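S.K.: Using the sequences plus the hints, can you model the full thing?
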Amino acid sequence: MNVRRLADAALARGIAEVRRLTIAGTAVELIVEREVAQMILAPFAHLPASTDEPVLRIRVAALNDSDAAELGLDSVPDSGAVIPRDGTIEHLHRHSAALLDRDAGEIRALIRNDGALASWHRAKPLQVPLSIFFADRGVDLVHGGLVSLRGNGLLIAGNSGSGKSTLAAASLREGFDFLGDDCVGVRDREGYSIFGSSCLVTSDDEPKTVFFPERIAASTTLRAIVLPRILRARHVTMTPASGKEALLALAPSSILKRAVPAADALARMARLARELPAFRLEMGPIAEAAVQMRELLERLGA
Amino acid sequence: MLNPSDYLEVNLERAAGDVIDGEAIIINLETGVYYSMQGIGGDIWAMIGARRSFGSMLDEIVAHYDVDRSVAQTDLETVAGQLLDEGLIRFTGSGSAYGARNAETKKQYATPQLQVYRDMQDLLALDPPAPGMNQIAWQRSGSK
Chain A
19 MNVRRLADAA LARGIAEVRR LTIAGTAVEL IVEREVAQMI LAPFAHLPAS TDEPVLRIRV
79 AALNDSDAAE LGLDSVPDSG AVIPRDGTIE HLHRHSAALL DRDAGEIRAL IRNDGALASW
139 HRAKPLQVPL SIFFADRGVD LVHGGLVSLR GNGLLIAGNS GSGKSTLAAA SLREGFDFLG
199 DDCVGVRDRE GYSIFGSSCL VTSDDEPKTV FFPERIAAST TLRAIVLPRI LRARHVTMTP
259 ASGKEALLAL APSSILKRAV PAADALARMA RLARELPAFR LEMGPIAEAA VQMRELLERL
319 GA
Chain B
420 MLNPSDYLEV NLERAAGDVI DGEAIIINLE TGVYYSMQGI GGDIWAMIGA RRSFGSMLDE
480 IVAHYDVDRS VAQTDLETVA GQLLDEGLIR FTGSGSAYGA RNAETKKQYA TPQLQVYRDM
540 QDLLALDPPA PGMNQIAWQR SGSK
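If you read the protein sequences in the order shown, they are chains A and B. Going by my numbering, the first sequence opens with residue 19, and the numbers climb by one from there. Going by my numbering, the second sequence opens with residue 420, and the numbers climb by one from there.
Simulated from the structure, these hints should not be mistaken for laboratory data. This one's a predicted model, so the numbers in the text were calculated from it and none came from an experiment. Each residue gets a CB set at the ideal place from its N, CA and C atoms; glycine is no exception. Some clues are possibly wrong.
Claimed, not checked - Using C-beta positions, here's what the derived DEER-type ranges look like: (1) A/P102 x B/T511: 23 to 33 Å; (2) A/R289 x B/K525: 27 to 37 Å; (3) B/A465 x A/G302: 33 to 43 Å; (4) B/S513 x A/R155: 31 to 41 Å; (5) A/S178 x B/S513: 41 to 51 Å.
M.R.: In structure tokens, the structure reads:
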């Protein structure tokens, strides 16, 4: 319970910022020590405020050297460590420590305030506890992009480098709303925005400056899965893909990184891949790809 | 060489799999390597998931597919050996008892083949998954 004690002690000492948000339909309260507030709150800044009683309370404080030494973070392997302890789950990393109390609906985290950390390192302390918390509620955090037009969502699946972020950003030009380009939530046919995206953040100094702030959506109904591939072709082609192709694009990276428990999450993704139509989008000109995204929804009657 | 009385099961601490379009999609949670098992691979994975014996699985395949028993046995031994080598399945002491009944119309047989995908290696080298996460969440999901 050291993470709980150290995080509470740090928050008791310092000034904290408080936000109440709705994440994947769940009221969440974030209490963050001011020193790390910008780093922690920025990825959630686009989500709608909530006035409901929080189901999940997240408390985050800065990690100092003595706390890191007490927690033994220097000896944690590169992969991190997930440790069940006294009915809670600890997730330790070199630069962060988090504790999830599933029954109480509480996450406490300590993270080093280090500008040299990569963005995915900064997001790390909350990803694992959030993925477990939401998995308990049937929401899988999947590795994919998500855009929506008039409440009709297209889930963009593919490995890193496939063009998910490019296609999601380009879709804004055709009137789509943006929900994410790397980690989004999925429960049955509903898709949710979870973390903000680096592609919508102009810099770490201006984390709330997004290119299209009015075009961020919190949730959508999934209509199809799109599997982009950057080919530098002269024209964009969209062709039907099999459920197997969709599952292969969606599941491995999602499950290896975030979605738990693996067998349950894979079964849910397989059901999604069976039920939703899937399409390969071989990308040439980006603007043309965005048009194809809009036309796809029109063909689907959405 | 597998014996008819050898029971097989999915190595749940290490692997997750499902069947779609008749093929099995399997993920090695420790290495990040993932697989598709084509041909009658979906049926084989489903039978391993049901903790069937090697003999019972062979009976089931011969009963439902247009294939010689010796061919089916060789193919099943080959693919089961690959799955064992990859750590995706394991032997278990006991399992489910099934009696295979001949289908009225036998389906076309297609040799089970394990296709291996290793393109997650770079991603995982940069940001490896934390060991133990799957088991923790798995225990909880059964109790809720």
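S.K.: Please test the hint of 41 to 51 Å on the beta carbon pair from A/S178 and B/S513.
M.R.: Since A/S178 and B/S513 have Cβ atoms about 43 Å apart, the given range 41 to 51 Å holds.
S.K.: State, for the Cβ atoms of A/P102 and B/T511, whether the hinted interval 23 to 33 Å holds or is violated.
M.R.: Hint holds: Cβ distance 25 Å, inside 23 to 33 Å.
S.K.: Falls inside 33 to 43 Å, the C-beta gap from B/A465 to A/G302?
M.R.: Since the Cβ atoms of B/A465 and A/G302 sit about 40 Å apart, the hinted range of 33 to 43 Å holds.
S.K.: Look at the Cβ atoms of B/S513 and A/R155 and judge whether their distance stays inside 31 to 41 Å.
M.R.: holds (35 Å)
S.K.: Between A/R289 and B/K525, is the Cβ distance one that fits in 27 to 37 Å?
M.R.: Roughly 29 Å apart at Cβ, these two residues keep to the hinted range, so it holds.
Violated hints for the displayed structure: none, as all numbered hints are satisfied.
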